[in-house]
Amino acid sequence: MGDKSSVKEPRGWKSLPLGALPYRLSLDYKTGDWRALKPVIDYGKCVNCMLCWLYCPDSAILWDGKKVFMNYDYCKGCGICSDVCPTKAIKMVPEGE
Amino acid sequence: MIPKVPLDKQIKKAVNGDEATAYAAKQSLVDVVAAYPITPQTIIVEKFSEFVANGEVYTEFVPVESEHSAMSAVIGAAAAGARAFTATASQGLALMLENLYIASALRLPLVLVVANRALSAPINIHCDHSDAMMMRDAGWVQIFAENTQEAYDTTIQAFKIAEDPEVQLPVAVNLDGFILSHTLEDIYMLPDEEVQKFLGGYRKPVKTYVDYLGKEVEVKLDPSNPISIGPLDLYDYYFEHKVPQAVAMEKVKEVVKRVNEEWFELSGRKYGDGVIDAWGVEDADVVVAVLGSTSGTVRYVAKELRKEGKKVGVLRIRLFRPFPFDEVRDLLKEVKVVGVMDRALSFGSFGPSFLEISTALQGIRNSPLMVNYIYGLGGRDVPPSHVKQVFNELEEIMKSGEVGKRLRFLGVRER
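Read top to bottom, the protein sequences are chains P and W.
Going by this note's numbering, the letters in the first sequence line up with residues 1 to 97, in that order.
Going by this note's numbering, the letters in the second sequence line up with residues 98 to 512, in that order.
Bear in mind the hints are in silico, worked out from the structure with no lab data behind them.
Keep in mind that the hints are not guaranteed to be accurate.
Claimed, not checked - In the EDC-like style, the derived pairs of lysine to aspartate or glutamate whose C-alpha atoms are separated by at most 16 Å in a straight line are: (1) 14(P) <-> 347(W); (2) 109(W) <-> 282(W); (3) 14(P) <-> 263(W); (4) 367(W) <-> 351(W); (5) 304(W) <-> 315(W); (6) 14(P) <-> 333(W); (7) 404(W) <-> 380(W); (8) 14(P) <-> 308(W); (9) 38(P) <-> 83(P); (10) 109(W) <-> 289(W); (11) 14(P) <-> 337(W).
Stated by the list, open to error - Covered stretches of chain W (in silico footprint by chain P; criterion: 3 or more residues with CB under 8 Å from a CB of chain P, positions within the stretch not fixed): (12) 200 to 207; (13) 314 to 327.
Unchecked claim - In silico negatives: residues of chain P with every beta carbon more than 10 Å from chain W: (14) 33; (15) 36; (16) 41; (17) 46; (18) 55; (19) 74; (20) 92.
Because the structure is a prediction, the values reported are computed rather than measured.
Built from N, CA and C at the ideal position, the CB exists for glycine as well.
Let the sequences and hints guide you as you build the complete structure.
Given below as structure tokens:
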């Protein structure tokens with residue numbers, strides 16, 4: 001997962017894969033810090049319908065076999081999960097609060 | 098030399114240029130065709146959808162809602178590892194333009210047939226090369242056919258060139274709208290199995306090493322070896338991702354020449370050395386350079402003039418991208434005057450071929466005098482008399498040593 005040494009020494013074109021393929025996974029790029037609003041789940045209201053898991057455009061909502069949970073490293077705070085939640089269990093909270 | 102498939106084993110058929118390329122695609126084991134009809138390309142799509150409807154091919158045919166979608170769909174298909182084909186012209190090509198750049202940057206070996214047609218406005222359905230020249234910086238290989246037979250041969254060759262492991266670039270096959278696309282000609286086609294053998298069967302995507310998978314994988318969208326194709330690059334890697342396109346272009350010329358020879362051994366037909374089809378240039382004082390179907394007219398006039406003892410030659414550029422600078426330089430360096438005929442104009446500059454040939458001849462001591470003739474815009478006919486006028490003017494320039502106006506319009510009414 002990600003070649004840390006290459007972060008310091010960027011590669012030249014001769015050692016890149018063909019066809020504009022990235023050589024690193026996009027997992028290396030943590031996009032969570034773009035977030036202004038943070039989704040917070042109230043497990044008291046959550047009914048495990050998994051709509052948020054299905055709708056998250058960044059696959060930043062995960063399922064551990066019992067419940068859904070947020071991966072804040074990649075959640076950009078778009079709020080779709082909160083919008084689709086049928087029990088209003090996901091609240092968007094301003095970052096830093 | 099007797100070709101591997103002699104003429105009596107080839108299929109003789111009267112087809113127009115569009116049908117010729119449709120038959121070529123049919124024989125080339127194309128997995129996906131996505132296309133939208135536009136004059137003068139329509140017959141290609143029509144004919145191919147007939148093949149699909151009749152069950153003559155196993156191709157997935159996607160009748161899209163626009164050329165933008167057509168190019169997007171074949172990009173997706175090729176990214177999934179398919180051999181994909183489409184065709185368009187003029188405004189359709191203009192609508193495809195942003196996706197053309199994507200296809201080449203992702204190194205997808207698509208084949209696109211362009212039935213060359215003028216661009217609006219005024220709206221016009223007839224032949225010129227403005228559409229093809231609009232995509233000359235899009236990173237595609239561009240080949241111009243002179244006749245229907247060549248359009249057939251070149252479309253098959255295009256798959257082989259595009260899919261060459263060293264190339265991996267999309268190829269555009271150009272045929273002059275109406276003049277070739279709609280004109281019936283007897284051509285020879287190879288049997289299906291010979292074409293398929295020539296192409297090595299279905300497309301096989303090339304492999305590349307992907308670090309995060311820790312192995313070489315085929316460059317294709319494959320859930321068992323997941324890769325992202327074409328995601329965001331900023332100033333950190335964009336430049337490094339563009340240079341390989343330029344490097345791949347450098348390999349194209351040799352591949353086109355090799356494929357031209359292989360096709361010759363198979364079918365008995367070849368087109369010059371594959372990149373340039375020269376006639377009488379070796380000892381010529383005066384040469385006309387030209388693309389596409391007009392080459393036939395120019396060669397006819399040149400042959401007539403040779404009978405009168407005039408030392409004239411014809412340089413037909415078959416491969417326009419990448420441009421064969423070295424070959425042009427070698428062929429033209431001893432020539433006294435070169436007239437470049439362009440069926441397109443870069444407004445505020447010259448015709449595209451004129452610019453390329455000027456670059457090829459740059460730095461030669463006593464380099465040839467050059468004049469640019471813009472001709473045939475919007476399908477304006479180019480009779481032998483006009484070509485004769487060109488040769489006469491070039492001869493005058495040779496005698497006087499003075500070029501005069503470098504940009505001239507041929508066959509246009511003044512006053």
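Against the structure, the hints:
As the CA atoms of residue 14(P) and residue 347(W) are separated by approximately 15 Å, the hinted pair is consistent with the 16 Å bound. Restraint check for residue 109(W) and residue 282(W): the C-alpha separation of about 10 Å stays at or below 16 Å, so the hint holds. Restraint check for residue 14(P) and residue 263(W): the C-alpha separation of about 14 Å stays at or below 16 Å, so the hint holds. Pair hint residue 367(W) plus residue 351(W) holds up; C-alpha atoms about 15 Å apart against a cutoff of 16 Å.
A hinted pair counts as satisfied when its Cα atoms are at most 16 Å apart, and residue 304(W) with residue 315(W) qualifies at roughly 4 Å. With a C-alpha separation of about 15 Å, the suggested pair residue 14(P) and residue 333(W) falls inside the 16 Å cut-off, and the hint holds. As the CA atoms of residue 404(W) and residue 380(W) are separated by approximately 15 Å, the hinted pair is consistent with the 16 Å bound. Our distance criterion of 16 Å between C-alpha atoms is met by residue 14(P) and residue 308(W), whose separation comes to about 14 Å.
Under the criterion of a C-alpha separation no larger than 16 Å, the hint pairing residue 38(P) with residue 83(P) is consistent with the structure, at around 13 Å. Restraint check: the Cα-Cα separation between residue 109(W) and residue 289(W) comes to about 13 Å, which is no more than 16 Å; the hinted pair holds. With a C-alpha separation of about 8 Å, the suggested pair residue 14(P) and residue 337(W) falls inside the 16 Å cut-off, and the hint holds. Residues of the region 200 to 207 of chain W with a Cβ under 8 Å from some Cβ of chain P number 4, which satisfies the need for three, so the listed coverage holds.
Counting residues of the region 314 to 327 of chain W whose beta carbon lies closer than 8 Å to any beta carbon of chain P gives 5, which meets the minimum of three for the stated coverage. No beta-carbon of chain W is positioned within 10 Å of the beta-carbon of residue 33(P); the least distance is around 16 Å. With a least CB separation of 20 Å from chain W, residue 36(P) remains clear of the 10 Å interface cut-off, as annotated. Distance to chain W confirms residue 41(P) as a non-interface residue, since its nearest Cβ pair spans about 28 Å, more than 10 Å.
Under the 10 Å C-beta cut-off, the non-interface status given to residue 46(P) relative to chain W holds; the minimum distance is some 30 Å. Annotated as non-interface, residue 55(P) keeps its C-beta farther than 10 Å from every C-beta of chain W; the closest such distance is 21 Å. With a minimum CB-CB distance of about 14 Å to chain W, residue 74(P) clears the 10 Å threshold, and the non-interface call stands. Remark: the non-interface label on residue 92(P) is consistent with the geometry, its nearest Cβ contact in chain W lying 26 Å away (cut-off 10 Å).
When held up to the earlier numbered hints, the structure conflicts with none and fits them all.
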